[in-house]
Amino acid sequence: MTTPISGPHYHGRRSVGGIMAQVMLALVPATAFALWQFGWPAVFLFLLTLGSAVFTEALSLRLAGKPLRPFLLDGSGLLTAWLLALSLPPWAPWWIGVVGGAFAIVLGKQVFGGIGQNLFNPAMLARVALLISFPVQMTRWTVPQPLFGAGAPGFVDGLKITFLGGADIDTLSGATVLGHSKTELTRGVGLDVSLSDVYAPLDHLLGLSAGSLGETSALLLLLGGLFLLARRIITWQIPAAMLGTVALLAGVMHLIDPLRYADPLLHVLAGGLMLGAFFIATDPVTSPSSGLGQLVFGAGCGALIYVIRTWGGFPEGLAFAVLIMNAATPLIDHYLRPRVYGRNRRGAPLTYAPEQLGREKE
Amino acid sequence: MKLFRFRGGIHPPTRKELSAGAAIETMPLPERLYIPMQQHIGTPAEPAVKIGQHVLKGQLLARASGALSAPIHAPTSGWVRAVTDFTAPHPSGLPILTVVLEPDGKDEWDEFPLPRDPFEMPPELIAERVAAAGIVGMGGATFPTAVKLSGATNKHIHTLLINGGECEPYLTCDDRLMRERAAEVIDGVRLILHGIRWGRAIIAIEDNKSEALAAMREAAKGYGQLEVVAVPTLYPMGSEKQLIKTVTGLEVPAGGLAAQVGVLVQNVATAYAVHEAIRYGRPLVRRIVTVSGGAIRDRRNLEVPIGTLVDDLLRHCGYAGEPERLLMGGPMMGTVLPHAMVPIVKGSNGVLALSKPELPEGSASPCIRCGSCVRVCPVGLMPLELMKRAQNNDLDGAVDYGLSDCLSCGTCAYVCPAHLPLTHYFNYAKGELAARAQQKRKTDYTRQLVQARLARLEREAKAKAEAAARRKAERAAKKAQEAQA
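Chain order of the listed sequences is A and B.
To convert a position in the first sequence, counted from 1, into the numbering used here, add 512.
To convert a position in the second sequence, counted from 1, into the numbering used here, add 34.
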């Protein structure tokens, strides 16, 4: 594009690539910790997912006749794959990552016309597609096996687990706290019993429990989210509304029946809520752009997550909740616009009574 | 004083330090002055001089034409050498009718009858004198000041708001004017107050201009009806609507005027011009211009005769490098100059020669809907949605998303991480909208003419038929009479 002749001839020096890079930077602590927690298989899966996304993005761009450099270097594809990888079971087989990365980029993003054009969050779209297509692989969780720890697989064993499917994987599996409590509830076991051996709030906060890579350390994710808020990459509306709604609903239900409904702390710390509230629901492309719209969007995500977790068929509802609210984004943006200067909420020009202007009544 | 907050806004680096320390200097007379006949909003002025004629400084060069116009005066004494088309300070580079003046070097003022005490003058005379002096809004909008003043006398104005915001980066001409000529500016404010028969004025200055604030406060001492207020440094504070909101909490109704909420806004440089015109009878023939930017060696605030070429200013200040872009005005709302052979006009507050590192880099990429533009828009628009519609030529959709409320302040484009030229699209769409409105007026007028013609033809036909019927009846009556007789 040539230099526009209209102003401004001044720019705040922010760039799309810079924004993506800062989001990834904010993800580094939580990701590094999670990779350490789950060892080599997790590292391989993570790299495969990213590699698959970059490769398919390059392929799509070439097919569409678009320049590769600017679009590959903006980091958006990498970030999508990163978020997807964080939502996968850490020891999932290699093809989960490869298929997921390709699905996210090709069907989640490029078929809509590339960056900025997609209606749905590509990472969540890919995750849901994988979950529905391959429910077994997508729900096999592993208890943390810290890298270089006693029982952890080495480099070669890690390769075997990722590419051949480790034989002993079942012995290491552990359910997530949300999954476990849900299963037990269906068997008539109350939370007082079912949670007693799996629920440790401190472990969830620090990330010492079973789950996907991004479901581990709520604390590190929170810190990353606060970094994004401080850098003004994201706004407070979506995370606050989302966390607040989940906590509120969980609190009310917990008061009604503590044996059936887990307390707010568990809901906020466990599962993918923290990742979702700060990194996934805040995806700029698929969330509303006005502050009021973002509040509604965040509250909607939070309510849906709670409903799916509590009464739905899946123990975790982040991906479904985000996708449903993504679909509502154009509607939210259409109706919840900011008030325009000199106009009332309905868009009609403001009128003042004479006394508001310091005049005598005429 | 209680201040209010307008929504959005940005804090761009001000770069005012480049020229804020430079005291106002007089620009030496150039070899030729090129004085355009249109330096204001409204109808161009009509030349009132002949080629070869000698004029004195301040003598009338061109008469105002019509209700919304302003006269133009000779910026120095000399000879009229040509009345010809010359490049206007506009990105199009299109020529407009221009008087070319060759200074005689004496810079000799015409004689003006000095008023005794202006405060003894009938108020309507102030507006009259301001009109005769060719004063227009000097913040850049160039609306004829007298039209605003005489409009204000029959409306209920409760506040005269003097705009010393100067929120555009780089520009320091108003800052220097307030620092160095505070008493004159304050006098101008009092004269305007006298002209609109109202007593209260608020002088609003951004709080990053502490010396200007101090000087103006000092000068305003003893005048109870004047209040100097520090407003937060926040772009676009100098925009009339945003300043009114900040100081009064009122919002100008959409599509309306400041007078509707009882406020009259004038720029500090305009107040200074009013002082000159009323106290000394001097018409507006010069103004203070900031010459700055990375490609300028000596950044200055120059008092420049109207009609001086930008090229003369740049050479007077010297280059520090190859200018990448020439601007008239600030970097946010200023216009690109096609070249430097363009004259300074009444609304020119700055000339910037920007070097490459000062300019935005990076090319436009697709919108990622980050919503930064929505957060910073001082009007409350959704620039990203507006842009989509402007891009697709969906003018009705763009109007629905507030195209006509957009200030073109450039705040959205400043923050856009995708480097989208949002303001460019909006200006384009506004142009299309204006063209469409004009086309509609034309069509309506043509339809009216056609209808009028049809109505006339019908009337004529009816009249003819009636006359024929009457004659027939008369003939029949006559025949009947004859038969009887």
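Keep in mind the hints are simulated off the structure, nothing from the lab.
Accuracy of the hints is not assured; some may be wrong.
What the hints assert, rightly or not - With the C-beta cut set under 8 Å, the calculated list includes, among others, these residues of chain A facing chain B:
hint, residue
1, TYR522
2, HIS523
3, GLY530
4, GLY691
5, VAL797
6, SER802
7, LEU804
Where is the CB? At the ideal position from N, CA and C, for every residue including glycine.
Results of checking the hints against the structure:
1. TYR522: holds (4 Å)
2. HIS523: Holds. Min distance 3 Å.
3. GLY530: holds (7 Å)
4. GLY691: Because about 34 Å separates A:GLY691 from the closest Cβ in chain B, which is outside the 8 Å limit, the hint is violated.
5. VAL797: Holds. Min distance 5 Å.
6. SER802: Status holds, d = 6 Å.
7. LEU804: violated (10 Å)
Hints 4 and 7, counting from the list given before, are not met by this structure.
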